[in-house]
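Protein chains in written order, with my numbering: chain H, 134 to 390; chain P, 177 to 499.
These are calculated hints, taken from the structure and not from any lab test. Yeah, the Cβ is synthetic: ideal placement off N, Cα and C, and Gly gets one too. One thing to keep in mind: the hints can contain errors.
[As the list claims (entries may be wrong)] A short, non-exhaustive set of chain P residues, derived as facing chain H with CB atoms under 8 Å:
no. : residue
1   : 377
2   : 381
3   : 385
[Stated by the list, open to error] Output of the computed footprint for chain P on chain H, the stretches with three or more beta carbons under 8 Å from beta carbons of chain P:
no. : region
4   : 206-215
5   : 219-226
6   : 230-240
7   : 245-257
8   : 291-302
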Amino acid sequence: MSRLLETSGLSRSFGGLRAVAGLSFAVAEGEILGLIGPNGAGKTTAINLLSGVIKPNAGRVVFAGEEVTGLPPHHLARKGLVRTFQSTVVYGHRTVRENALRGAFLGLYPGVVPAFLGTLRARARRRETEDRIAELLAWFGLDHLGEAIAGSLPYGRQKSLGMVIALAARPRLLMLDEPVAGLAAEEADQVLETIRRIRQRGVTLIVVDHNMRFISGLCDRLVVLHHGQELAQGTPQQVLADSAVIAAYLGRGHGAA
Amino acid sequence: MASVIGAAARSTRPRISALHGLVAGAALLLALWPLVFGNKFLLALATLVALYAIGAASLHLIIRTGHVSFAHAGFMGVAGYVAVLSQMRLGLPFAAALPLGCLAAATVALAIGPLILRVTGKYFVLVTFLFGEILRLVFTEWTAVTGGSNGIFDVPPPAPVFATPLGFYYLALGAAVLCVGIVARILGSEIGRTIDALREAERLAECSGVPVIRWKVAVFVVACALAGVQGVLQAHYLRLIDPTTFSIVESLNLVVMNVIGGMQRLAGALIGALFLTALPELLRGYVEMQRVFFGIILIIVMAALPGGIIEIGARLRALGKAR
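Bound-form chain P, shown alone (with noise of 0.2 Å):
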């Protein structure tokens, strides 16, 4: 009886085919990307999203674990810098220096984790918010190594492959692919399941036998290491890399990210990363009014879609359901 019952439940496995369906004429749409729109601005604007969806995505998994930091673009930054120095002044090769940047990133992400994540809710955001600024001035102020609020010019292209626009937001799809596929494995394991648990119920998931504190730290870490390949490739993508690219204002972007695509679900993040940078960017024609019209369309979406812009799918589902 008890075996026939374990069988019937494993192969209830919904939508999943759906699901795999629209990953992969999403991973054909942007590799033919370059090939159908030949056009400077719109592979520019493809880069970005690509860049943003690692690090929407990376913050998406903190987000999942029932914290949202606003220190995202600061860890970011750590790996930036230490990415660019090494191959600047150590003359490391850009395959060594994208991982020891990253590296940073997760050593700061640990040595602050297990201290900040003890606090949850609107705490947890103005301790991050203020370790984000800490950072920040760090960039600022420690000029000899960072260059000060000038930054760093004529930071090298990875490889000469990459350093054509078109060679580099293969790069950048790449990266993304990789980091965004980490993310939705490590929810989708049971490593998600314990994450989506503790989040929910922590006392009754203690209670079972996770490790909070450490689970959070774990996720914290390898979040903020994911960032950092954003951050990395920023750097490269803009042959630059300054305090303004990690400021508090690009953390809560990529917060915003997640709460208009929707906080639950990985693919909300992405959507909120493609929604956000392609938007301004196609707003470029109303300089005046650009600010204004971003706003609005924010607060309508939000006004709209309280669960951010996947609640769509959902909206749809239950229409359908309805007639």
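Chain H on its own, in the form it takes in the complex (with noise of 0.2 Å):
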């Protein structure tokens, strides 16, 4: 399999906190890579970094064989490199279906003129996106709630329709953040299922979350951070029998696993 993602050395510090140092792995199409470590180990600035939303001090972020490190996420994003957000982020006053068309900015926005205009590629463009944005509400149960305003929506919806809004966007790479943070078991296993069915649709996954029960099961490779460095790097089974990995993460309540 040919590497999607692949960073080096990725550094970034903020005043005398080296929150990330040094962080080094690849992605390879197609696969879920889980990057967990408990709270506080520098997994949000990782993806931070990744998607462009702050810049790395040191280090390189290669994607699709293009050397991408501090690019703005909007330049990431026409890429292929897309992201959801942790807290839940939505247009809370609008309603689901405009999120949804917000999201898919790149393929609806036909170019200044035409979209002033209104010309037919403008009107093609739109109905091409309102069917595939149909599609994508169907598929995460928000169909019947297309009109309905973000901000009203349980938790749960909300973080669906994060999710929606980024593969709106068409991503090649999906970045999710703590995608189950906060969710009912019932309702994380529904997340699984459909993180499994994004990867089958042909895109590749990087999940960040600190729940090891459930990356583990999800995802085809793990990286462990610990303190802004990387601890561990494998197969679900070859980080979890790995002894530095037990010490750190897990040696605190979770020792049984």
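Assemble the dimeric complex from its two separately framed chains, guided by the hints.
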């Protein structure tokens, strides 16, 4: 399998705190990679670095054979690298359908002049996008809620909508920031199933979470972070057997895992 | 299944026909205004409202990106001076001077936009306040070119046909319809959807592929160019261009128009332009108390309708539903 994303020596400090230090890993096309670690391990900084929300102090990011280090998020989205946010981020005052359409900006927006004039091309894009959005909403069980105001939906639904917004941008690589945080076990199982189906559609995934049980059942490979540094890397079985991981991560309260 | 849902979703276009009817009615009223009210005072008032509609609507466009500019009148001034000077000193016809003025305002906006649009909220207000003041100082101090605080007198009419108050009214009305139409079209298109997206959740929009700063600068440039139309026409209307017409008070006036009309909708800016232009003129009879009445009315309106005058519509609809 070819490498879709590769980082080497990725580092970022905030003042004196080294949030991420020398992070190196690769994601193969079609893979689900888990980025795990306890709170404060640097997971969120890592996903912010990969999605361009913050810039690294050192290191490189290569996406689809092209160096993308330090590029802004809109640039990366155009290349197919899209993320969701940990706390639900949706356009709270807008309908579910409007949220999804906004996520589809790259496919929907036909350029200044066609948009202003409302040309046939603009209308064709609009129709095509609306059909695609309708399908996505149906897939996430949101189709009957298309006209509901996003901010009024329950937490789990808003998280689903966050994924719809990200998928509407047609990513090659989707990064999910804590997709099951705050969800009931039943909802979490549904999300698990959804993520597998996203992969079946040919999207590569990086999933950030601290729930070892959830993530080891889902991911092909894991990268374990601890104090901003890589502690271990490998298949879930390898990582779970790693003594450093057990000591640092599972040692407290998860000893039996 | 999916296509059925798509088709159903597409067919829901709420209240668009009512809006069209309202716009058509307003256009008819404005076109016939001078014939219905032969009064000079009301004609002058209508001309001013048309001019301010341009400024308020173009400022509304910037406000929709999440930035309240206090330099809008300054950009009007740039366009006004450039157009007047190029007509009076270089002998350019009005038809060339007007776009040249707007281009000048757009150029200044393009130069300053990428720097100032990175700051938001109160900081943006402060920075634009300062920039507007700098522009006013240039108009005042560059005496050799701008005529200083006396300004430039005897600005010629755009064309003989627009020399009469009636002729000028139709010119101003035509310009207002065109400029407000452009703003309405921008906001009603996919461009407007994206502008709303980047205001409501900048980070999310950026992660969906929107180059946020570039969009904000583009909108700022277009809005300042449109504001230039008011600056140029106003100079021709008053037959005079001087720094006071482009001071911070004028910028503030445009902001208040948006706030009092309702910041979320273009119609709010237009209602605000009407309200804030007409009200002081109608209070002229009470010279001593004019400012006091004006202030009291503003306070009452804002206290009763925090979302602006446009909120009346929503309240009435809610009342209608409740019964």
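Coverage criterion applied to the region 245-257 of chain H (partner chain P; beta-carbon cut 8 Å; 3 residues):
holds (count 5)
Would you settle whether the hint for residue 377 of chain P is holds or violated, based on the nearest Cβ-Cβ distance to chain H being less than 8 Å?
holds (6 Å)
**Prompt:** Are three or more residues of the region 206-215 of chain H within 8 Å, CB to CB, of chain P?
**Reply:** Holds: 6 residues of the region 206-215 of chain H have a Cβ under 8 Å from chain P.
Q. Is the hint on residue 381 of chain P kept, meaning its closest Cβ partner in chain H is under 8 Å away?
A. holds (7 Å)
Go check the region 230-240 of chain H versus chain P for me, would you? Three or more residues, Cβ under 8 Å, otherwise it fails. holds (count 8)
inquiry  = Less than 8 Å between beta-carbons is the criterion; does residue 385 of chain P satisfy it with respect to chain H?
reply    = holds (4 Å)
#### Entry: Coverage assertion for the region 291-302 of chain H with respect to chain P, Cβ distance below 8 Å, three residues required
As far as the region 291-302 of chain H goes, the hint holds, because 4 residues have Cβ atoms under 8 Å from chain P.
Exercise for the section: Apply the coverage criterion to the region 219-226 of chain H and chain P: a residue qualifies when its Cβ sits closer than 8 Å to a Cβ of the chain, and three qualifying residues are needed. Expected result: n = 5 at 8 Å, threshold three: holds.
Checked against the numbered hints above, the structure violates none of them.
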